[in-house]
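Here's the letter readout for the chains.
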Amino acid sequence: MIPEKVNTPAADELLAAISILEVLPTIQQKTEFADRAIKTVIHLDKSGFCVKGYIPTSSIDTACSNCNVLNETGPDEQFVCPLHTRLNIRLIPIDTSESFFGYFIVFGDSIDRFIQFETILLNFLTIFSIAIDNLQKSLSLEILNLSLHKSEVLYHSLFDKMLNGFAYCKMLFDDGVPKDFIYLNVNSVFESLTGLKDVTGKKVSEIIPGFEKSDSELLARYANVALTGIPETFEVYVIALEMWFSISIYSPEKEFFVAVFDVITSRKKADADILSRNKQLQEMNAEKDKFFSIIAHDLRAPFNGFLGLTKIMAEELPSMTLEEIQKVALHMRKSATNLFYLIENLLEWSLLQRGIINYNPEQFSLVPKIFESLRPAMDAALKKGIEFIYEVHEDLDVWADIQMIQTIIRNLASNAVKYTPAGGRVSLSVSKTEHNDIEVSMRDTGIGLSDEMIAKLFNLNENINRKGTEGEPSTGLGLIICKELVDKHGGTIRAESEVGNGSLFSFTIPSKELPSSQQ
Amino acid sequence: MCKEKSEIDMGFTDRKFPAGTHMCFIFQDEKERRKIITKFLGKGLQEQENVAYFADRMTREEVIDWLKGFDVDITGAITANNFGVHDSTDTYCPNGKFIPVEMLDRLKTFYNDSFAKGFTQGRVSGEMSWALRGIPGSDRLMEYEAWVNEVFKTHPITAICQYDANKFSGSLIMDVLKVHPMMIVKGQIVYNPYYMQLELFLKEFFDRNENMPKS
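Residue numbers (the numbering used here), protein chains in the order written: chain A, 1 to 519; chain B, 520 to 734.
Excised from the complex, chain A in its bound form (with noise of 0.2 angstroms):
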């Protein structure tokens, strides 16, 4: 029996015809009911189809235990059909004298079904010894239509859901130099990827005005590989479209390409960026390199005077007199505190570098966190003979971490009296920029610096340690230090200064907190 699942309109009409068929008496009517009803190949609904041919009578005497398909005469040995348990055939029978003419009709659910078993069909077909003036050659081709027109849906379906984007073109020529393209057709990813839209049947000039000649090379690259055939794959900055596309090319076929791409402008800019910090960390790097050599020279320094003084202590000290050992145990002072500053600035230096100092700003109020800041500079001062002055009006608030506030100041305040000499004065005043920062600044009537030596000052890769105007220790780092506290807080640190007539630093920080995007 025809199985009950075959619903669909052109199945009801072969059922249709097959009642026709047993109704019409003589192999006339059948065969001339049977042209004009059942084609030789028939689709029925991509769900089966009917094969018109001469059947051996022998063969009919068999049948699938399965499906139930040709037991119309009754068999004597079970056929088990190879395909009972993916498509139910049929044979329709019209005369049965000699040979038996009939259609052989197979109903399946899928046209994957056909595809799955084109092999066992042909052979079941050859089995029955259906002679048929090209039978195997047809059915061959309404599956390979059926397999194409499958290809055809998953390849859409491909290209349509490929994350990269597709473009099939037809290159242009004017005298056989490439002038344009038109795109034949493009996946979804395209438009998302391009921001081009509605590009399907139009030339390159038309939807980027000037394309040939902003990119002139792209465009001779894919001249080249839809000439030659030669696929490529490169990345290439779009000029028209400001953005970078990593792009494989192939030609289908002469003066056509296809081209499959991503956009890769992000990870240009990513490679842009990790290039830069690269150079930059190596610039670092070459700094600390240099700074290392200047500290270790300025190490050795004091340490030789220690060295030289403990060595006259050790050889000399029976035949010294007191006077002579307070002098060199003096000397011996001041080398250890010129070594413990050096040492101290370094360990400061050296935690900001590797970000163990935390930064963390607070609202204050800053003139008391001047003022705590500035006792031993003061203290030196007065021993010195130095005037202090303060020039501050009003207190102000300030966005800033109080340590390193302090640090800056005690810094600054140091230097200033260090470089100034007895009767000398040191002054310090506090005011609003125009932009609502707060400017710090220390001024001196000390030995001043020249420019060459301003230019140094805040360099790491120079070191410009003096001594004071009564011999005071200096590393050299206290600037350095200073201006990595400022960066810290986004503001900015500055030097004025000529030789013999003072100097002035001065630095800002905000006074509120800064916007994010602005840290």
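Since the hints were derived computationally from the structure, they do not count as laboratory data. Predicted model only: the values in this text are computed from it and were never measured. Among the hints, erroneous ones may be present.
[Claimed, not checked] Just the calculated beta-carbon pair ranges, DEER-fashion:
id, chain 1, residue 1, chain 2, residue 2, range
1, A, Thr233, B, Glu718, 57 to 63 angstroms
2, A, Gly201, B, Gln716, 34 to 40 angstroms
3, A, Asp160, B, Gln716, 34 to 40 angstroms
No residue lacks a Cβ here, since even glycine has one placed at the ideal position from N, Cα and C.
Fit chain B to the given chain A structure using the hints.
Chain B in isolation, oriented as in the chain A frame:
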């Protein structure tokens, strides 16, 4: 009035069908034909319908004998004028020529008379083998059959057209299928998947028969 009754009992199927159902019956077995047609006609008489039979291979008496075997008062029906047996050639080709539009008019008249006479419906069946005798105009049979469907929309007569598979060519049988919305298969009425709408069929028919005069 007959308009109150739109579901027709065909007599040979359990299921009822709308008035105006136009069926083809392609048969090979005479026994089967008799069985179906007598039930169809007999049920019409039972239901007080106006019933007509157009006979070609049988005489009027033979048809009446058939129906006597069916549980119906055939004599009473004939007396009551709700059953007529007519010669199909005389009916379809009264002037020796088959003119489709005239036959369609006769169907309309039959339907209108059925109401006028107080019958509940109009029911007909015709043996179509008259068309194989070369009567002028008989090559327009399919054109006529296609138009019947239009007429039955306004004059819903229930009809079975009988086509003898032993006499009609396979090609003509295919055309028969195209002009009947319903077909009788193995004693059952089924929708005919080959049926074509009037315009489509006529276009295809005249394309295929270029020399045929168009109505």
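Results of checking the hints against the structure:
no., hint, result
1, A:Thr233 <-> B:Glu718: 57 to 63 angstroms, "holds (59 angstroms)"
2, A:Gly201 <-> B:Gln716: 34 to 40 angstroms, "holds (37 angstroms)"
3, A:Asp160 <-> B:Gln716: 34 to 40 angstroms, "holds (38 angstroms)"
Going through the hint list in order, the structure satisfies each hint without exception.
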